[in-house]
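Single-letter residue listing:
Number of protein chains: 2
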Amino acid sequence: MKVLVAEKCGFCPGVRNAIDLAEKTLAQDKSGMVYSLGPIIHNNDEVSRLAKLGLKTVNDIDEIESGTVLIRSHGVAPEQINRLKVKGVKIVDATCVLVKRVQRIAKQLQREGYKIVIIGDENHPEVQAVVGCAKDAVVITDESDLDKLPQNDKLGVVCQTTQSPEQFGRMLGAIGHSNFNELKVINTLCKEAINRQKSAISLCKQVDIMFVLGGLESANTRKLAELCKKHNMATFHLQNWNDLDKSVLHGKNIAGVTAGASTPEWIINILVHNLNSLDTW
Amino acid sequence: MKVLVAEKCGFCPGVRNAIDLAEKTLAQDKSGMVYSLGPIIHNNDEVSRLAKLGLKTVNDIDEIESGTVLIRSHGVAPEQINRLKVKGVKIVDATCVLVKRVQRIAKQLQREGYKIVIIGDENHPEVQAVVGCAKDAVVITDESDLDKLPQNDKLGVVCQTTQSPEQFGRMLGAIGHSNFNELKVINTLCKEAINRQKSAISLCKQVDIMFVLGGLESANTRKLAELCKKHNMATFHLQNWNDLDKSVLHGKNIAGVTAGASTPEWIINILVHNLNSLDTW
Numbered sequence: 064m065k066v067l068v069a070e071k072c073g074f075c076p077g078v079r080n081a082i083d084l085a086e087k088t089l090a091q092d093k094s095g096m097v098y099s100l101g102p103i104i105h106n107n108d109e110v111s112r113l114a115k116l117g118l119k120t121v122n123d124i125d126e127i128e129s130g131t132v133l134i135r136s137h138g139v140a141p142e143q144i145n146r147l148k149v150k151g152v153k154i155v156d157a158t159c160v161l162v163k164r165v166q167r168i169a170k171q172l173q174r175e176g177y178k179i180v181i182i183g184d185e186n187h188p189e190v191q192a193v194v195g196c197a198k199d200a201v202v203i204t205d206e207s208d209l210d211k212l213p214q215n216d217k218l219g220v221v222c223q224t225t226q227s228p229e230q231f232g233r234m235l236g237a238i239g240h241s242n243f244n245e246l247k248v249i250n251t252l253c254k255e256a257i258n259r260q261k262s263a264i265s266l267c268k269q270v271d272i273m274f275v276l277g278g279l280e281s282a283n284t285r286k287l288a289e290l291c292k293k294h295n296m297a298t299f300h301l302q303n304w305n306d307l308d309k310s311v312l313h314g315k316n317i318a319g320v321t322a323g324a325s326t327p328e329w330i331i332n333i334l335v336h337n338l339n340s341l342d343t344w
Numbered sequence: 064m065k066v067l068v069a070e071k072c073g074f075c076p077g078v079r080n081a082i083d084l085a086e087k088t089l090a091q092d093k094s095g096m097v098y099s100l101g102p103i104i105h106n107n108d109e110v111s112r113l114a115k116l117g118l119k120t121v122n123d124i125d126e127i128e129s130g131t132v133l134i135r136s137h138g139v140a141p142e143q144i145n146r147l148k149v150k151g152v153k154i155v156d157a158t159c160v161l162v163k164r165v166q167r168i169a170k171q172l173q174r175e176g177y178k179i180v181i182i183g184d185e186n187h188p189e190v191q192a193v194v195g196c197a198k199d200a201v202v203i204t205d206e207s208d209l210d211k212l213p214q215n216d217k218l219g220v221v222c223q224t225t226q227s228p229e230q231f232g233r234m235l236g237a238i239g240h241s242n243f244n245e246l247k248v249i250n251t252l253c254k255e256a257i258n259r260q261k262s263a264i265s266l267c268k269q270v271d272i273m274f275v276l277g278g279l280e281s282a283n284t285r286k287l288a289e290l291c292k293k294h295n296m297a298t299f300h301l302q303n304w305n306d307l308d309k310s311v312l313h314g315k316n317i318a319g320v321t322a323g324a325s326t327p328e329w330i331i332n333i334l335v336h337n338l339n340s341l342d343t344w
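Protein sequence lines correspond, in order, to chains A and B.
When the letters of the first sequence are read in order and numbered with the working numbering, they come out as residues 64 to 344.
When the letters of the second sequence are read in order and numbered with the working numbering, they come out as residues 64 to 344.
Rather than coming from a laboratory, the hints here were simulated on the basis of the structure.
Hints are not guaranteed to be accurate.
One copy or two, either will do: identical chains are not told apart, so a pair holds if it fits within one copy or between any two.
Only pairs whose alpha carbons sit at most 30 Å apart, straight line, appear in this in silico DSSO-like list of lysine-lysine [stated by the list, open to error]: (1) 292 with 153; (2) 178 with 217; (3) 217 with 153; (4) 178 with 261; (5) 71 with 217; (6) 309 with 71; (7) 292 with 178; (8) 217 with 261; (9) 261 with 87; (10) 65 with 170; (11) 148 with 178; (12) 198 with 115; (13) 87 with 315; (14) 71 with 211; (15) 198 with 217; (16) 178 with 163.
Note that the structure is predicted; figures quoted are calculated from it, not measured.
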């Protein structure tokens with residue numbers, strides 16, 4: 064069948080940097096003790112590939128005694144960095160520069176006297192790392208969280224980098240209805256994520272069926288799939304080619320493919336190659 | 064018929080101060096040349112009453128050569144104050160303290176490097192005065208004005224004091240969708256106006272018919288009438304008792320009365336007294 068790939072998709076510079084640093088660290092390591100604190104990216108296939116090269120994924124600092132620790136692109140809270148320093152392990156920081164910027168801005172806004180509000184998912188490691196940078200920060204995901212907002216106060220607002228501009232705008236509007244005295248909002252959205260979203264939406268309109276490739280835990284991939292679904296009902300979020308239930312291709316002639324920022328090129332290539340090889344049903 | 068008056072309605076402190084200053088200035092004046100630059104408040108009845116006491120309303124500074132000039136509660140642009148100073152006339156400044164605050168904030172935000180955005184009606188004198196304080200300020204009233212917003216820039220946002228929190232929130236949400244780098248929003252809404260709105264909405268639900276008293280040019284009265292209409296279809300915006308088409312009272316038992324911030328008490332009293340005197344039809 065005919066396959067169109069979104070103009071912008073797959074690894075963003077932040078993820079590419081994290082993978083490069085992981086490969087470099089593993090190549091130079093002689094101890095056999097290179098750890099990632101949490102999965103280095105939200106992509107099981109890539110995590111498995113790096114595990115075969117020696118990367119050990121742990122979920123808690125207590126599991127690390129020595130060796131080298133990779134800080135993944137989502138970053139970690141300063142308190143965790145301090146715990147690692149106390150242990151004397153080597154730290155390789157692969158935090159995305161844009162995520163670092165959110166952390167820096169949250170600290171700066173707090174110094175300026177603002178109460179920090181983060182628009183995002185409170186369970187996402189990026190958001191948890193930002194919360195760790197700003198004491199008493201409040202995370203709001205949707206309108207049901209608005210009662211958490213401090214009243215009649217100065218609010219300093221940042222956003223999880225992978226949220227959509229639509230979600231950011233909607234929540235700013237909701238905050239705008241609240242009793243605030245002052246609002247300082249720094250646009251911390253990642254342009255890479257926005258470009259992937261725009262590119263995916265435009266592709267959705269040209270195809271019969273749309274595939275969004277990426278980890279099921281990947282916030283930016285899920286957001287991408289959610290958006291695509293709005294523009295093409297026949298949208299499927301797959302981790303890889305093996306996830307595809309081929310019956311959904313029945314009657315479809317043109318497939319669109321996009322992929323989250325944490326989806327490696329080889330995963331995209333396999334899906335595109337295999338779809339291309341299929342006769343149109 | 065039974066008449067319920069909104070808990071909060073009529074003159075706000077800013078308007079009361081302007082009227083007090085006008086009366087005091089007229090009482091002390093011996094020249095017979097006391098001017099108001101534009102109607103002192105948006106209420107024809109009160110303007111007529113003060114005209115009988117000697118207040119001359121002019122629409123242009125060119126009409127003033129000497130004497131005393133009252134700056135109304137909506138304020139004027141600094142450039143106009145300068146023109147008056149050049150003429151050597153005495154200036155009595157009755158600009159509402161909250162309007163002065165918007166002007167001060169707009170200037171301060173501009174000094175901090177923000178492009179000024181005013182949410183409000185560009186034809187309203189309060190907004191025009193704020194525009195006069197901040198070079199290249201952009202006024203946005205609704206979504207159709209969003210293309211006026213500077214792109215990828217630092218925006219400093221203030222609001223016309225008499226807008227509703229709903230409108231403020233809606234427009235902040237719309238601005239939040241745009242390509243901004245940073246947003247600093249100061250809540251410049253007047254609490255008096257908000258309290259009048261809340262009080263009117265609660266009254267709307269208890270009455271068969273609702274009267275909103277105030278000048279047809281009065282922004283806060285129009286906003287009040289607009290909101291009441293949403294909560295009680297039988298809402299009528301009247302300037303005074305004479306405006307009332309009595310046929311609308313047919314079948315109504317309980318009337319609600321509210322009034323804008325520029326509506327004098329005597330106008331409210333006449334309406335309430337006359338409605339009270341009517342037999343229920």
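Same-copy or cross-copy closeness of residue 261 to residue 87 [CA-CA at most 30 Å]
Neither: 33 Å inside a chain and 63 Å across chains, both beyond 30 Å.
For residue 217 vs residue 261, is the C-alpha pair at or below 30 Å within one copy, between two copies, both, or neither?
The answer is between: 24 Å across copies meets 30 Å, while 33 Å in one copy does not.
Treating 30 Å as the Cα threshold, decide for residue 65 and residue 170: within, between, both or neither.
neither (49 Å within a copy, 58 Å between copies)
Since the copies are identical, ignore which copy is meant and state whether residue 309 and residue 71 lie within 30 Å (CA to CA) inside a copy, between copies, both or neither.
Result: close within a single copy only, 25 Å intra versus 66 Å inter.
Could you place residue 87 and residue 315 in one of the four classes (within, between, both, neither) given a Cα distance threshold of 30 Å?
neither (43 Å within a copy, 82 Å between copies)
Between copies, within a copy, both or neither: which fits residue 292 and residue 178 at Cα up to 30 Å?
neither (35 Å within a copy, 37 Å between copies)
Indicate which option fits the pair residue 198, residue 115 if close means a Cα-Cα distance not exceeding 30 Å: within, between, both or neither.
neither (39 Å within a copy, 62 Å between copies)
Indicate which option fits the pair residue 178, residue 163 if close means a Cα-Cα distance not exceeding 30 Å: within, between, both or neither.
Both. Shortest intra-copy (19 Å) and inter-copy (27 Å) distances satisfy the 30 Å Cα cut-off.
Between copies, within a copy, both or neither: which fits residue 217 and residue 153 at Cα up to 30 Å?
neither (39 Å within a copy, 40 Å between copies)
Up to 30 Å CA-CA - residue 261 versus residue 178, copy category
between (32 Å within a copy, 27 Å between copies)
Is the C-alpha distance from residue 292 to residue 153 at most 30 Å within one copy, between copies, in both cases, or in neither?
Neither: 43 Å inside a chain and 67 Å across chains, both beyond 30 Å.
Regarding residue 148 and residue 178, is the shortest C-alpha distance of 30 Å or less found within a copy, between copies, in both, or in neither?
Result: close within a single copy only, 29 Å intra versus 44 Å inter.
In summary, the structure is inconsistent with hints 1, 3, 7, 9, 10, 12 and 13 from the numbered list given earlier, while agreeing with the others.
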